[in-house]
Amino acid sequence: MIELSSLLPLRKSASRQSGFTLLEVLVALTITGMVLGGLFSVAAGSKQLAYRSGKSLPVAIQARATFNFALLQNEYRDVEEIIEDDRFRIRGNDPLAAVPRKTQPQNLRLQSFEVIDTETDRVIEGTRWNLLELEE
Amino acid sequence: MFSQRGFTLIEVILSLALTALLLSLLSTGMYAVMNDWENDTSSLDDDLDQTIAILQLERALQGAFPHSYRDEESLGRFVYFKGADDTLSWVSSVSPQRTGGLTAWHLQSVDDEGVYLRLAPAMSDSPDQRLETVEPILLIPNYTAEFAYLYEELDFSKRWREDWLGEVQQSLPLAVSVTLTPIDEDIVQTGPLNIIARIRANEHRLLRPGATPSSGTSSTSGSVPRFNTIQIGEP
Chain A
1 MIELSSLLPL RKSASRQSGF TLLEVLVALT ITGMVLGGLF SVAAGSKQLA YRSGKSLPVA
61 IQARATFNFA LLQNEYRDVE EIIEDDRFRI RGNDPLAAVP RKTQPQNLRL QSFEVIDTET
121 DRVIEGTRWN LLELEE
Chain B
1 MFSQRGFTLI EVILSLALTA LLLSLLSTGM YAVMNDWEND TSSLDDDLDQ TIAILQLERA
61 LQGAFPHSYR DEESLGRFVY FKGADDTLSW VSSVSPQRTG GLTAWHLQSV DDEGVYLRLA
121 PAMSDSPDQR LETVEPILLI PNYTAEFAYL YEELDFSKRW REDWLGEVQQ SLPLAVSVTL
181 TPIDEDIVQT GPLNIIARIR ANEHRLLRPG ATPSSGTSST SGSVPRFNTI QIGEP
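As they're listed, the protein sequences go chains A and B. With my numbering, the residue at position 6 of the first sequence is 6, and numbering never jumps. With my numbering, the residue at position 130 of the second sequence is 130, and numbering never jumps.
These are computed hints drawn from the structure, not numbers from a lab. There's no promise every hint is true.
[Said to hold, decoys possible] FRET-style restraints, in silico, Cβ to Cβ:
| hint | chain 1 | residue 1 | chain 2 | residue 2 | range |
| --- | --- | --- | --- | --- | --- |
| 1 | A | Y51 | B | T19 | 33 to 39 Å |
| 2 | B | E152 | A | Q106 | 17 to 23 Å |
| 3 | B | V12 | A | T30 | 24 to 30 Å |
| 4 | B | D111 | A | L49 | 33 to 39 Å |
[To be verified] Here are the simulated DSBU-like pairs of lysine-lysine, each with C-alpha atoms no more than 35 Å apart in a straight line:
| hint | chain 1 | residue 1 | chain 2 | residue 2 |
| --- | --- | --- | --- | --- |
| 5 | B | K82 | B | K158 |
| 6 | B | K82 | A | K47 |
| 7 | A | K102 | B | K158 |
| 8 | A | K55 | B | K158 |
[Stated by the list, open to error] Computed footprint of chain A on chain B, listed as stretches where at least three residues anywhere in the stretch have a Cβ under 8 Å from a Cβ of chain A:
| hint | segment |
| --- | --- |
| 9 | 147 to 160 |
| 10 | 164 to 178 |
By construction, the Cβ of each residue, glycine as well, lies at the ideal position given by its N, Cα and C atoms.
Just chain A, same shape as in the assembly:
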């Protein structure tokens, strides 16, 4: 017992004992909080990004299908509608001006069209061929 107690460094008086001051503790806590907060905000940001991009993928697929349908619709006239989702609308504009010097009559005419996203009002533009009844 005597050997053991002699190994331990012992204080002479308990009153000298000093811990952290309140200021030190507060500073340490603030720094920890800021670091943790930064970490979590980064995590939350990329989580949100993942969620948003996951949500936008099906929309992109629908936009693509609508665009393909718009191209189909004009290569052939009178194509029966098949896309039930009405988020994207197809609007055909006026046909483009004819080429000034045409070497031969043809039954195709260029037309610009728009695929409109009705939720965000964004527009995808494209050109397609119109099949005419008669060559001109």
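Once you have looked at the hints, place chain B on chain A.
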């Protein structure tokens, strides 16, 4: 002997309890966050996979080829394209493994599971038997597929029909539409998805089966004229 003063039992217990409480709070918080994180990234991964699968399907449908084979019994030549409203087999010039040559694709929509895909190389015979032996892959889970085929009505209007048999029609449809409907709205929080694929090769009129009876192979693509040179403008 010494006036050393340690912690009292109550202090120790209290500090331990506080530490344990803090730790458990922190770990449950972390667990919840990690779990959520895991869920999100895996669902994003799934969504990306599914999008790539859908784009790949669209490409394969666009590249459909009027592959013809000789029927063993009737000795007639038939275009291989078997479309129903929930299954579709066709031969495409697009192969996902970047292997050369034609590939036979088979899609099957199974209720409550998803859309299964089988792939087999297309030789000169009907690829049906080879497709049967292939292990199907669950390509698009949690969706059922409904196929429709575009054809020309007598009044030149274009209508969609639910089936298309290459044996009977001896040609490919003008376009194929695939409507993917979510099986369970709780798992997949999107509306139906569409694929519209124009099949350009349907205008290969010169590739009518029987027109070239001497050629026993399907590799007649060299003699097939490009049907037109119209470029569809894309933005």
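Check: Hint by hint, which ones does this structure get wrong, listed from lowest number up?
Finding: Hint 6 is the one this structure does not satisfy, whereas the remaining hints hold.
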